[in-house]
Amino acid sequence: MLLYLLLILTCSLFVGEADGRVTWNRTNLTLGSQDCPGGYTLVGTKCLMFEIFASETHEEARYFCHDAKGELVAITTATDFKNLVDYIHANGLFGRTFWVDGRDEETEGVWLTASGEVVPSGTPFWAAFEYHQQPDNALGNEHCLSIPSDWFLYMNDVVCSNKKNFICEATVQTQEEAASAALVPFGPSAVGGRVTCPDLFVEVGGLCMAFVTWAEVTWEDAGQVCAGLSGDLLAITDIEVLRALYLFIQTNGLSGNTFWLGGSDQESEGTWVYTTGEPVPMGTPFWGLTDMSAPSQEPNGETSENCLAIGNFYNFRDYSCGSVFYPLCVYTG
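Under mature numbering (1 follows the signal peptide of the UniProt record, and there is no 0), read the sequence shown as residues -20 to -1, 1 to 313, first letter to last.
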């Protein structure tokens, strides 16, 4: 196994930086980042190795990672997930399906990493179509976790004996992780306390939001409703805010409702902008999927659907601006 590992590492793909440019090196195992061991590259705060030449079962991929002093990469925060997806797109790795750390073999539906951490459920992690979200154990023995490119790198449960590429995470603590750990329990959330919001608003993800569930209105009217509350339609640019919003909706009896956000592409088709002027983040892990048989990603309504809302599984979706949904406002003072 060790000889096999060395042969694969020799031809594996690694990314470094030289003179500010991304460079590709198939043989040099030394990385530009001092935080990661040889063979790994820094993605966010994680040291990762992308194995794109070997295809293995989930178990064999784990053995490979162990020999490389690592484990299959564990995705446990929305930020880590976004960093990983962005890196795959930015470095020409899209088009593959990767094994990542997670199984539910012991108890169906209880997804755990090898270290025993809970794999997050729901949005923005798992693939969500209009009326269906993974995992679904469709074949009855889908107990291992992958991120397939044909589902735009959202999580999916699959049969563990399938062979796929995989991503290892070095089992070392980076300087960034050590610095973050050193802040606990003295980080910003502990020091600053909870946000104080005015009447009708509640703190979600560090923002004061109002869920206006007493009036279903068009997108334009929704903006006016928010203005009357000294706010604006919510603009989500941080994936952690989307995660916090999803969890709040699920735990506060708001699921099943559809809410307007402040994004639209009315001025220029395909160019999504919030009413604040900020660009709407595109792709995974923000926008949902359509049609499981031939998956595509929102937005897909072209000129007939130019306004942004969240409903069902609370990924981004485009709708006709004349549809009537509840306004989701953020306090602006």
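Be a bit skeptical, because a hint or two may be false.
[To be verified] Below 20 Å or equal to it, Euclidean Cα-Cα: the simulated EDC-like pairs (lysine to aspartate or glutamate) are: (1) K143 <-> D66; (2) K49 <-> E39; (3) K143 <-> E51; (4) K143 <-> D130; (5) K143 <-> E36; (6) K143 <-> E122; (7) K143 <-> D218; (8) K49 <-> E36; (9) K49 <-> D15; (10) K143 <-> D47; (11) K143 <-> D15; (12) K143 <-> E40.
Think of the hints as simulated: they come from the structure by calculation, not from any bench.
Consistency of the hints with the structure:
no.: 1; hint: K143 <-> D66; result: violated, 24 Å
no.: 2; hint: K49 <-> E39; result: holds, 15 Å
no.: 3; hint: K143 <-> E51; result: holds, 17 Å
no.: 4; hint: K143 <-> D130; result: holds, 16 Å
no.: 5; hint: K143 <-> E36; result: holds, 4 Å
no.: 6; hint: K143 <-> E122; result: holds, 13 Å
no.: 7; hint: K143 <-> D218; result: violated, 34 Å
no.: 8; hint: K49 <-> E36; result: holds, 17 Å
no.: 9; hint: K49 <-> D15; result: holds, 15 Å
no.: 10; hint: K143 <-> D47; result: holds, 18 Å
no.: 11; hint: K143 <-> D15; result: violated, 31 Å
no.: 12; hint: K143 <-> E40; result: holds, 9 Å
Hint compliance for this structure: hints 1, 7, 11 are not met, and every other hint is.
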